[in-house]
Structures are given as structure tokens and as C-alpha cells.
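Note that the protein sequences, when read in sequence, are chains R and A. Under the numbering used here, the first residue of the first sequence carries the number 1, and numbering increases by one thereafter. Under the numbering used here, the first residue of the second sequence carries the number 1, and numbering increases by one thereafter.
Don't read these hints as lab results, they were simulated from the structure. Using N, Cα and C, we set each Cβ at its ideal position, and we do this for glycine too. Treat the hints loosely; a few may be bogus.
What the hints assert, rightly or not - So the derived label-pair ranges between C-beta atoms look like this:
#1 Pro258/A <-> Ala253/R: 51 to 61 Å
#2 Gln109/A <-> Gly285/R: 45 to 55 Å
#3 Ala108/A <-> Met164/R: 54 to 64 Å
#4 Ala297/A <-> Phe65/R: 40 to 50 Å
#5 Gly339/A <-> Arg39/R: 55 to 65 Å
#6 Glu135/R <-> Leu124/A: 12 to 22 Å
#7 Phe191/R <-> Thr263/A: 50 to 60 Å
#8 Pro258/A <-> Glu239/R: 53 to 63 Å
#9 Pro63/R <-> Ala242/A: 49 to 59 Å
#10 Arg331/A <-> Gly137/R: 49 to 59 Å
#11 Ala108/A <-> Gly137/R: 23 to 33 Å
#12 Gln118/A <-> Thr110/R: 48 to 58 Å
Chain by chain, the residues:
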Amino acid sequence: MSKQPDSRILLAHGSGGRLTHELIEQVFGKTLANPILDRMDDAATFDIEGRLAFTTDSHVVSPIFFPGGDIGRLSLTGTVNDLAMMGAKPLYISAGFIIEEGLPFADLETIVASMGDTAHEAGVQVVAGDTKVVERGAADGIFITTSGIGLIPPGVQISATGAMPGDAIIVSGAIGDHGATILSKREGMDFDVELQSDCAPLGGLVADMLAAAPGIHVLRDPTRGGVAATLNEIAASSEVDIEIEEERIPYRAEVRAVCELLGLDPMVLANEGKLVAFVAAEDAGQVFEAMKKNRYGSLATKIGRVRKIESSRPRVYARTVLGSRRILSMPTGEQLPRIC
Amino acid sequence: MPLPFLDDFRQGQHVRALLEQLAEHAATLERPARIMEVCGTHTMAISRHGIRQAIPESLALISGPGCPVCVTANADIDAFIEIALLPNVIATTFGDMLRVPGTRMGLAQARGQGARVQIVYSTLDALKLARENPDATVIFFGIGFETTAPTVAAALVEAHESNIDNFMVLSAHKVVPPALAALCATPGLAVDAFLCPGHVTAIIGPEAYRQVVDDFGIPCVIAGFEPADILQSLTMLVDQIAAGRSEVELQYSRGVRPEGNPTAMAMIDRVFEPCDAEWRGLGVIPGSGLAIREEFAAHDAARRFPVDVSYSREPAGCLCGAILTGIKSPRDCPLFSRGCTPDHPIGPCMVSSEGTCAAYFQYEI
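Next comes chain A alone, as it looks inside the complex (with noise of 0.2 Å):
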């Protein structure tokens, strides 16, 4: 029985010709042309889908750094951690960061020492455990660009004007559009068009992407995430690059409004404001990260529970950092499932659901 919203954008037939639709544009290109996916989600489902194998040899598409456990550097994980490990502490996460290495440990190796690790599906589920515990501190480690963050700083407003004071966040969130002006900026970057994430976009609306279609000329195509999305929206991008356009394309129509989400965007710039953050593969990005108002100082597990993470590296012979500006493929790192896999893995890009080596390692040929 077919699902409605679904099945229409996955139908064999309907996918088929859009990919026969993307060969016969992409043979007017000049030359070949290199796409940066910047999602994760937009990674893993060009993976799954087999699209790498599909579309034209003309067209490469790599990687970007659109997966926000990945981008995460390790001082922020260390820190987290160490909060994690301290006595009448409640560490709550998404499910994701839970096998995510650390300089020392992960967390899940910090639960078997003892720490109290809770994986949660909302950051709701973390208040509630707040609530039912007044005993303990709940600190939820708050990892992820602004699909996750209003959210995040919806939890924080209720915590504020609910005197629920046991209830904290360490806030490693990150915003998309100062990451894809650092990369532009970056010298020898070989990309010739990014396909912009879906559901960020929802929130921060297309116009965000002004600075990299103006500035540095990249054409930009705002895309869905099912097979026929991407290939509707490589097409896009490959008829800008041939006529030298570099515009601003929304192709997910049905998920983003062309003013994105003012009511979201207020709910972050009410509990966040912008702060430099480390973005492992890209260093200090100024202005790229959230960082928790005064206001709600009570509430800010960084303020409250300063730790000494300077014994934090990124792991030896970890690739993740080019992986994650795409100008090494998962292949190209030695340790790609020879020591580093879903099971033991040795740097996020590996065990993130959003993470490139992940994608490859589950789905490519």
C-alpha cells in the first residue's frame, strides 16, 4: 500500500527519469563538476540510495561538514564527559554520542565507570528526569545546528520560568551559514556548487545562503531528502553552473517556507547568542557557535561546572578533520575499516548516524 508524501518522491519510475533528466543536463557542462552535500542526512542518503553510482561520472559529490556529532572537536566531547563523570550528575544525550570517542573515553565507557548516562529522544525527556530527580543534576549535552537548537532552547526557557533548577545544558551548538562562508573562504577549495540542507533551511530560511551565491559566486540548491529531491536538485545545480549562474534554488518546497522560521530563529537568539566554537576539520569559526545567555546563566552547565579538558587531542591518524571539508573520501583514510568501524570506531565520522565514513562504510560498494 503506497504511503502518500512518501512513495511519490521514492517510486522507481518517477526516480528513473529524473536521473535520465540529470544525464542529459549534466552532458552540457564544460567540464566535470564537483558538489558538496553539506548534510549529513544528505550524505547518508545518497548513500543508501546508491546516487554516487547512478548519476553521471561528470558529476563528484563529496562530503561536507554537515554532521553536528562529527564537527563536535574533542574538547567539547572531553568536557562533556568529564560533567558526565562527576558524583549526582545525570548525563543526557541524543543516542548518537553515545559511542562517540573521546580523547580518554566515551561515554559509554564512562557509564561503565560509573557515570549516570541517559540517552533521551527529546530534550523534554531530560526535563522530566529533571523533575523526577531533584537529587541529581541533569545536564544535557546540546549537539546540533538549528533544526535542534530551538528546541533545545525551548527546554531552557521552561526550565527558567519553571525554577527547575537541577536542569542544565552544555551547549556545543553550532550555526550553518559563518561554517559555508569559512569553507568558501578557504584557499584551494574545489567545489563547484553546494546542495544546502533540507530542514536547516526550515529554520533558517533560504536567504541565509546570500553571502555564498553573492560573494564567492557558489550556486546553492536548498534540497529534500528523499532519491528524488537530490536528483531534482543536482539538476538544478547543474544548469546554474552551465549558464555561470550562482542564484539561491529552493527545490524543497514542501518543507521550506521562503521566510524559513522566524517564530524558531527568535527562540534561539532569546536563549543563545553567537560565540567563536571549534569545528573539528575547520579550527575556530568566529561567531559560529551558541552559546547560553546570562540570563540564563542558572542553567548553563559550562558556567556551573568548569572542567580542565586541556589534556584533549584529536586521535592519531584520525582523517575526519578532511573528511569533513571534503578534500579526503573515507577511502583515503587508512584507518577506514582496518581498526576504525561502527563497532570500535576511532573518530566520530565513523559512528555518527550523519557521519561520512558511516555512510561508506554501511552502504558502498
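Isolated chain R (complex conformation) (with noise of 0.2 Å):
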């Protein structure tokens, strides 16, 4: 495998021959080596007894790598909050990569890295995987598809259905990190603070809060649409209404700074390391005590409560500084392309 600082993904890595098992082995199989994934089966087999819980991701986030993370920390973190969002152990993960040729060889090894340090980090590991190489032109650097299963505890019914008037909406942090650090790469701008994804798997944290309170309602990740987009979401599925207090969201000053100057609602950018929880009302405060010790749920903030409808669809309302209310409404179509 040539070590050349300069050498790239050519179309023959994905060609099947020698220098694909090349490609797998010593950056692949090193990497993410596991009892699994050594055996380089055509499929992964292992015994799994319960109630599974199965989600797929794909990320073409651009750029690949940002503050904070890059494509493959974030190809973990997408697929195993998914499944802890569930309420579910993340255990097993497969990962696709489709890869334009000429990508710097250096990149690879870095993004995969990222994954493997992550996939630890997570507590699961990567059992199976494929990698094709495109033309030129025909991807963009890298695009990686990641799908997970997850083991769901007895005793937990986690579902967008579930939230119950009274109960309370507690988000675990900052809010609006990922979306405002990848805008404002994307557009090239610099400032004299440093923006950050949040990026980071979450499957200890919500242990953790299932350990407070097996009985948690609602557990969602404000990826794409950012949290209005979720409070949105939920309302509509369990058929309430949501109010918040605007004063209460949490935001790093830099991320406010950058949304203020550039025009943003934080509330529909995307988060990659963050959850907001539906949790009864009694449950709440140990709920709400266990996340704070966690450390991604060190900012935790009780945002709001859910209530019964009272027009003629389900609404998410703010309560402003004024103390007067708004509707937070469903970000419509203009999506940061290529967030995630």
C-alpha cells in the first residue's frame, strides 16, 4: 500500500482485487478491528435475544471535516443517536462508503480513524462494511451510509406518539452548534472565535436517564430542522401541544453572535450531540438530576411543557420576553443543504 504523503483513492480500491483487500485490511480491518469484523464474512452473525431496535444513516455533510468532527464521526453519532433515541443499547453498526476517486489517502485514513475512535467511544463496534469507488465527478470527496441495531431495555416504550399532556420538555444543551459551525465553513467565513460541532453519541446519556426513569415519553435528536422542526414534529405524532419559553433555551454566545449576524433562527439549525426529552412530570427532576451529570448533558434546561390542544390542530407555542406568545412554527423549505 503505497505511504506516498500524497497519495489518493484510485478506481482500482474499489475494483474487488487486490488492491481493494488492500484497502480493507490494513485501513479498514486495522481500524475497527473487532472479533466480528476479523472474520471478513459477506455478512456479520451474531446472537441477539429481545426487542431490537434498527435505523439507517446516510451523511454527504460538506465539508468532510469541520470543528468539532468530520464525516466519519459523525456517519457513528448519527446512526447510534438514532437508536438511543429509541431508548436502545447501540450495539452493531455496518458502514457503506462510496468514495470519489483521487480523495487523499491521508483523508481516508483520518475519517476512518474518526469512526473507530468514536465506535469506541460509543461502546459499539462495526461489524460489516462495503466500499466502492466512484469517478471523479461522480460523488463529492465522500459519502457514507451507516446503518445500527440496538438492543431496547424491558420496560421502555420510547415512541414520537407518547407525549402526554403535563409533562415536562427538557433539551440536554446548547443549542443550534452544528448547523452554525457548518454554515459558516461552508461560506467561508472566519471569526475570532472558534464555532463547534456538538457532535457526539448519546447512548450513555439517555442509560443513564432510563436508569433515572424507565418510563421516559419522548426521545428525539433536533437533527435537520433543528429543534423547532422536533417540537413540531412531536406535537403533530402525539397530537398536543408544546409550549417553551424562549428565555429558557439554552445557546452559546458564539452561535447566538454568528445567528444574529447572519440572520439565523437557531431553533431549525442542526444539532448532532443533543436530544430533547419528554419526560411525566413526576419523573422529571431525577431525570432532569441525571443528565446533568452526564457529560453531554452538562447544560441541560427545562425548555417547556407539554399541554392539551386548545384550537384546532396541535401547535408549538412560545412564550416570548415579553411574556406574551408566538407560534414556533415548522421550518419551511429553505434547509441548509448537505448539514449532515
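Combine the two chains into a complex, taking the hints into account.
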């Protein structure tokens, strides 16, 4: 395997021959090593008993390297977090790579190393994978699709339809970091303060929350469309109204500043290491305390409550600094493309 | 962590104190007052912060013709789209215009038909595109009031001096004072005071409203855009109404100098000259538009690309015109949220980032 500093992925690396095998063994196999993957069978096999959660995510984020993470880390956290939002303990991940001819080898190594580190942090194993190389221009650098399987503990029944009037709504930390970071990098903007993606695996945080209260009603990670989309989705699925207090929502100062400058609402920006939890009022205190003790929940904040529908359909209301109410709409049209 | 210059004007404690003060002062009014906010950014801010619900019932806030995209007549939009569809043209515009419907189609649909449409954040980006694409003609759609016109003027000066021959502007720029005067002269106008645009006034200066207060006797307060600014400005207007005064007062002193911005005004005057312009909802207002001067004719898309837009019509059933003059409110429009939504707009008021219907749709309960 050529280790010249400027060596690049070639079409031959995807042809199934010698170069493909070298690539798999020396990059993927070596970095993501685990007993299942090491067997290099056509499919991973394992025994699991219980209720499973299964999900998939494709990652086309541009740029592929950004402050706070890269497409490798994101491809792991995206799928791990979807599993965690069902209350599942994430276990096994598959990863499919579509690589554009000409991608620097060093970039691929960095991305895969990042996946390995994130898998280790999240306590999951990458047990199956696939690699294709397409000609220059047919992809943009690298696209990664991950699927994941997780195990849901007994007694956990989390669903978007589960929010009940009276539930407390808790957000796990500051909002808008990932979207603001990607946008500023995409536009080539340089600020004196460093914006960072919040990209992080939340399986551990969710486990701590469920230990405090197994009966959590809803969990969702507010990715594309941000917290605004998430709240509107849950209100619609559960057929409830939601009321949040604007002044309570946590933001990093630098995210707020960038949003003010660019005329963006941080509530519609993607988050990749945050969750929104809907918890019965009597459990809210314990869940909140458990969140604060976890590294990814230290800035957890109660932002609002679930209510019965007061008009003809579910709405999300925001109480403003004046004390009056306004609607928090589902974000329309102009979402930022290729945010995750 | 608090952000300086921002949080002070939004902090709940201050804002609620100002709201109480407004209520106290409004109690002295003999009859309900109708206040028109002229600027689209104010309309958005008012809806965004729930100001309409919070203020005393005796105050009605009505939206005016302050959204530059919304007041652009269909004929101008159609002209730009016709030019965008020509071969070797790169049509550049601010983001808002992409989804505004023209008579036959909007820019997004024109793009779907093969037009090269590029969203830019500033005219400098459009100039850069012209330099990078010498075989194409880059046309910039000049929409906006006095806040935007100086930067477009500066781009035209640079194009002229650097011989960037493939950069042109289709000017649909407008100026605010003639439109305000036309509004004031409208028979049956029921407006007791104007909340005036902070950023336009930063350019034109507070004296621009002299005719409104002296000839028409309508109080004017130049307001900033944070909740605290708007509430304080409303209180100042209420005080004027209660005392029977009509003066120009400056609330937004951190953003507006008493003399305005003479440099920016000079830049506008260097490149543009007044012309008659058609405003959606107000008709043709003499001297309210900005046309590119003869000296810069080589960069004037209107001269270089005359197009036939005799088919232009305003959309049937659309009440944008009446909404822009405060006669109707978005909820009076039968199309509001039934057939006309931000994703599928029939008129510009629903799709512009400063549009009244968009503000109501997105924020008002």
C-alpha cells in the first residue's frame, strides 16, 4: 500500500481485486478491528435476544472535516443516536463507503480513525462494511451510509406518539452548534471565536436517563430542521400542544452571535449531539439530575411543557420575553443542504 | 453568556418594564390609535416577539409598504425573469427573490428551465462572478430601498472604473419618502402615527420625514429593531398623539446620526437619478424609483436588454396590494394559508423575509 504523502484513492481500490483487499485489511480492518469484523465473512453474525431497534443514515456533509468532528465521527453518532432515541443500547454498526476517485489517502485514514474512536467511545462495533470507488465527479469526496442495531431494555416504550399533557420538556444542552458551524465553514467565514460542531454519541446519556426513569415518553435528537422541527413533529405525532419559554433555551454566545449576523434562527439549525426529552412531570426532577451528571448533559435545561390542544390542531407556542405568546412554526423551505 | 448590545435590548426585565410604561401612557389616549410600521423588518420583529398580543388593546399596529421585495411590481419581476432566461446570462439576486412568483413563473422555476440563477449575499459577489465568467453577462436584480442602493451604486462605480463590461444591474430600487407622502395623501387613510425604519433612516437622515410631520401632521419616531426599541418608540408615539404633537423623534440613536449618512447618499446620487416607479399596492409614484444615470448606461440592464412584459398581471385574488397599504390584514385574504403559503406563495408578501403575510403565517397565533 503506497504511503506517499500525496497518494490517493484510485478506481482500482474499488474493483474487488488486490488493492481493494489491501485497503480493507490495512485501513478499515485494522482501525475498526473486532472479533466479528476480523472474520471478514460476507455478513456479520451474532446472537441477540430481545426487542431490537434498527436504523440507517446516509452522510453527505460538506465540508467533510469541520471543527468538532468530521464525516467519520458524524456517520457513527448519527446512527448511534437514532438507536439511543428509541431507548436502545447501540450494539452493531455497518458502514458503506462511496469514495470519489482522487480522495487523498490520508483523508480516508483520518476519517476511518475517527470512526474507530467514536465507535470505541459509544461502545459499539463496526461489524460489516462495503467500499465502492466512483470516478471523479460522480461523488463529492466521500459519502458514508451506516446502519445500526440496538437492544431495547424491557419496560422502555419510547415513541413520537408518547408525549402527554403535563410532560416536562428538557433539552440536553446548547442549541444550534452543528448547523452554525457547518454554515460558517461552507460560506468561508472566519470568526475570532471558534464555532464547534457538537457531534457526540448519546447512548451513555440515554442509559443514565432511563436508569433514573425507565418510563420516559419521548426522546428525539434535533438534527435537520433543529429543535423547531422536532417540537412540531412531536406535537403532531402525539396530538398535543407544546409551550416553551424562549428565555430558557440555552445557546452558546458564539452561536447566537453568528446567527444574529447572518439573520438565522438557531432553533432551526441542526444539532448532532443533543436530545429533547419529554418526561412525565413526576419523573422530570430525577431525569434532569441524571442528565446534568453526564458529560453530554451538563447544560441540560427544562424549556417547556406539553399541553392539551387548545385550537383545532396541534401547535407549538413560544412565550416571548414580553410574556406574550407566538407560534414556533415548522421551518419551511430553505433548509441548509448537506448539513449531515 | 450575555451578548453586549443585544441582550440589553431584549432582556425580559427591561422589556416588561417598557411594556408597563407603554400601557400607562396609552391609558391617557382619548381614543384608540392606529400606528403603521413602515419597515418590513419591524413587521417581522413585532410578530416574532409577540408584541401585537402584549400591547394595550387601544393600540392597533398596521403594516405598511416597507418590504422592498413585496412592493416590486410584477412587471419588474417578469422583466428580470425574461432576462434570466436569455442565453449566456447569469442572473444574480438576494435570496428572497428566488421564490417570489412572477406572472408566468418565479426565478426558481426559471432555473428549472435552464436559467443560470445565482443567489448572492452582496453585489460584490455578483461583480466577482462577472470577473470569473467573461463569456457570460452577469445581471444583478437591484431591489431595495436606501439601505441597499449605496452598495449597488458602489458596485456599478467599480464595474465602470475597472471596465467589467459584463456586469449589469436591473434597477427596481425605490426610495421611501415619496411613498410615505403618497400614502399620507391617500383619501381615507386611517393612520395616527408612523413607526419609521431605523436602517433606511441611518442613510436618509431624520429630516426626510419633515413633510410627513409638517404637511400631514402625522408623528414619526425612528425606531430600532429590538423589542425594547419598538416598545420605547411606541410610547414616544403615544405621547405625541396624546399631546397633539407631530414631530420627528429619534429613538434609534445608537444606529442613526442626525445628519444621516451623506457619503451613502452621495454614492446613490452619483449613480442613480429619480424616476417614476410602480409600487405594488400604491400604483405609480412620481420620483420614487432609482434609475441608472446615462454615464453608467453600459451597465444598465434595462437599456441593454429591453424585454416585452406586456403580459404582466398581478395574481388574481391576491390582496398583497391592500395589505401593503394597511387597508387589509393578512387574515382578510381568502388565500391566506389556503393556497398561499410560504412553500407555495401566490404573492410576494407570503414569501419575502420581510413580508407581512409571511410574518403572520410564521408567528401570529
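Hint check:
1. Pro258/A <-> Ala253/R: 51 to 61 Å: Hint violated: Cβ distance 33 Å, outside 51 to 61 Å.
2. Gln109/A <-> Gly285/R: 45 to 55 Å: Taking Cβ atoms as reference, Gln109/A and Gly285/R lie about 54 Å apart, which means the hint holds.
3. Ala108/A <-> Met164/R: 54 to 64 Å: violated (41 Å)
4. Ala297/A <-> Phe65/R: 40 to 50 Å: Given about 48 Å between the Cβ atoms, the range holds.
5. Gly339/A <-> Arg39/R: 55 to 65 Å: holds (59 Å)
6. Glu135/R <-> Leu124/A: 12 to 22 Å: violated (36 Å)
7. Phe191/R <-> Thr263/A: 50 to 60 Å: Given about 28 Å between the Cβ atoms, the range is violated.
8. Pro258/A <-> Glu239/R: 53 to 63 Å: Since the Cβ atoms of Pro258/A and Glu239/R sit about 56 Å apart, the hinted range of 53 to 63 Å holds.
9. Pro63/R <-> Ala242/A: 49 to 59 Å: Because 58 Å falls inside the window, the suggested range holds.
10. Arg331/A <-> Gly137/R: 49 to 59 Å: Since the Cβ atoms of Arg331/A and Gly137/R sit about 50 Å apart, the hinted range of 49 to 59 Å holds.
11. Ala108/A <-> Gly137/R: 23 to 33 Å: About 25 Å separates the Cβ atoms of Ala108/A and Gly137/R, which means 23 to 33 Å holds.
12. Gln118/A <-> Thr110/R: 48 to 58 Å: violated (33 Å)
Hint violations for this structure: numbers 1, 3, 6, 7, 12, all remaining hints satisfied.
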